[in-house]
Amino acid sequence: MSMKVATREVDGVTIVDLSGKITLGEESGTLRDTVLGIIAKGSKKIILNLAEITYVDSSGLGELVSAFTAVKNAGGELKLINLTKKVSDLMVITKLVTVFDVPDSEAAAIGSF
Amino acid sequence: MTVWPVRYTFRAILSSRVMNESQRRADVGRISLSGDGLTVTEPHKTELSLTLDSVLESVEQVEVTAEQFARRAEFDEDTACHIGMVAREAAANAVIHGNRGNPAKRVRARFLLTDDALTIHIADEGSGLDPQALRDPLAEENLHRANGRGIFLMKAIMDEVHFRQLSPGTEIVMKKRRGQKETEG
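Protein chains in written order, with this note's numbering: chain A, 1 to 113; chain B, 1 to 185.
Careful, some of the hints might be misleading.
No farther apart than 25 Å at their CA atoms in a straight line, the calculated lysine to any residue pairs in the SDA-like style are these [claimed, not checked]: (1) A:Lys44 to A:Arg32; (2) A:Lys85 to B:His144; (3) A:Lys86 to B:Arg71; (4) A:Lys85 to B:Arg178; (5) A:Lys85 to A:Gly12; (6) A:Lys85 to B:Thr79; (7) A:Lys4 to A:Gly29; (8) B:Lys45 to B:Glu77; (9) A:Lys95 to B:Glu57; (10) A:Lys21 to B:Glu57; (11) A:Lys95 to B:Asp136.
Hints listed in this document are in silico derivations from the structure and should not be mistaken for laboratory results.
Bear in mind that the values here come from a model prediction, so they are computed numbers and not experimental data.
So here's chain A without its partners, still in its complex pose:
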């Protein structure tokens, strides 16, 4: 999984800026581990910023679902923002748009917790 992860804090919300590809690979589980690490540090409001994610396959969709479930089970909330058209298309096709909360912007997402 050739994905890069950077985190920042805005108004008590942890924003995870992801870039690259979320695909099948040896690093499977990285995203879930990242959000669990955030939860362990006390933050339960997490936004995944997918603006720089160029590509997601079915394993990547699974990674996102795993991250969502992990955060939910830990009593937190996870939202997605800035989906590219390709990623958005896959979310619609797979009905995952009904699972994830996808606010229109970072500001809207921060205000929605």
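Following the hints, put chain B in place on chain A, whose structure we already have.
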């Protein structure tokens, strides 16, 4: 020219509908892949067969090759990307679920571009797949599962998806007709 890190056979068969058999044989030859796509042009039929090891690098190679064929078929950029992705899904299934990473087993990929369609065959040497046993990833109880969407995506993106049982193994045959500009949801 890209040099791939995995073992494969690399043979393009180019033919024209008006060629006689000797002419066809004369046009059988190697092609090369580059960032610009397939370097040999032939308007009626282009075919490439690969025999690949059961490793993740093979999955990448199938994806890249499928995308190159899709661009050559003049699918729009998003559709070409999606075709590459579902070819990747099929190859990943072959490596992981079919051959289970067994180094003694191979994945065979065939790409066929004609005037009408792009057809991609991906075959493994595994114990077989029962398509009827696949879960519906859109069912409410399955939406939160982390897996089980690969074949569904193939069917959503491509116009036709067929399964053929081999001895041993399974072959997935996916076809995308040319002249369609948008993927279907």
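Verification of the hints:
1. Under the criterion of a C-alpha separation no larger than 25 Å, the hint pairing Lys44 of chain A with Arg32 of chain A is consistent with the structure, at around 14 Å.
2. For a cut-off of 25 Å, the pair hint linking Lys85 of chain A to His144 of chain B stands: about 22 Å separates their Cα positions.
3. Simply put, Lys86 of chain A and Arg71 of chain B have alpha-carbon atoms about 16 Å apart, close enough for the 25 Å limit, and the pair holds.
4. Pair hint Lys85 of chain A plus Arg178 of chain B holds up; C-alpha atoms about 22 Å apart against a cutoff of 25 Å.
5. The suggested pairing of Lys85 of chain A with Gly12 of chain A is violated, with an alpha-carbon distance near 29 Å, which exceeds 25 Å.
6. Pair hint Lys85 of chain A plus Thr79 of chain B holds up; C-alpha atoms about 11 Å apart against a cutoff of 25 Å.
7. Of the supplied pair hints, the one linking Lys4 of chain A and Gly29 of chain A holds, its CA atoms being roughly 13 Å apart against a limit of 25 Å.
8. Taken as a hint, the Lys45 of chain B and Glu77 of chain B pair is honoured in the structure, with Cα atoms around 21 Å apart against an allowance of 25 Å.
9. Straight-line distance between C-alpha atoms of Lys95 of chain A and Glu57 of chain B comes to about 30 Å, which puts the hinted pair past the 25 Å bound.
10. For the suggested pair Lys21 of chain A and Glu57 of chain B, the alpha carbons sit about 15 Å apart, so the restraint of at most 25 Å is met.
11. Among the hinted pairs, Lys95 of chain A with Asp136 of chain B is consistent with the structure: their alpha-carbon atoms are about 11 Å apart, no more than 25 Å.
Comparing the model with each numbered hint stated earlier shows that hints 5 and 9 do not hold.
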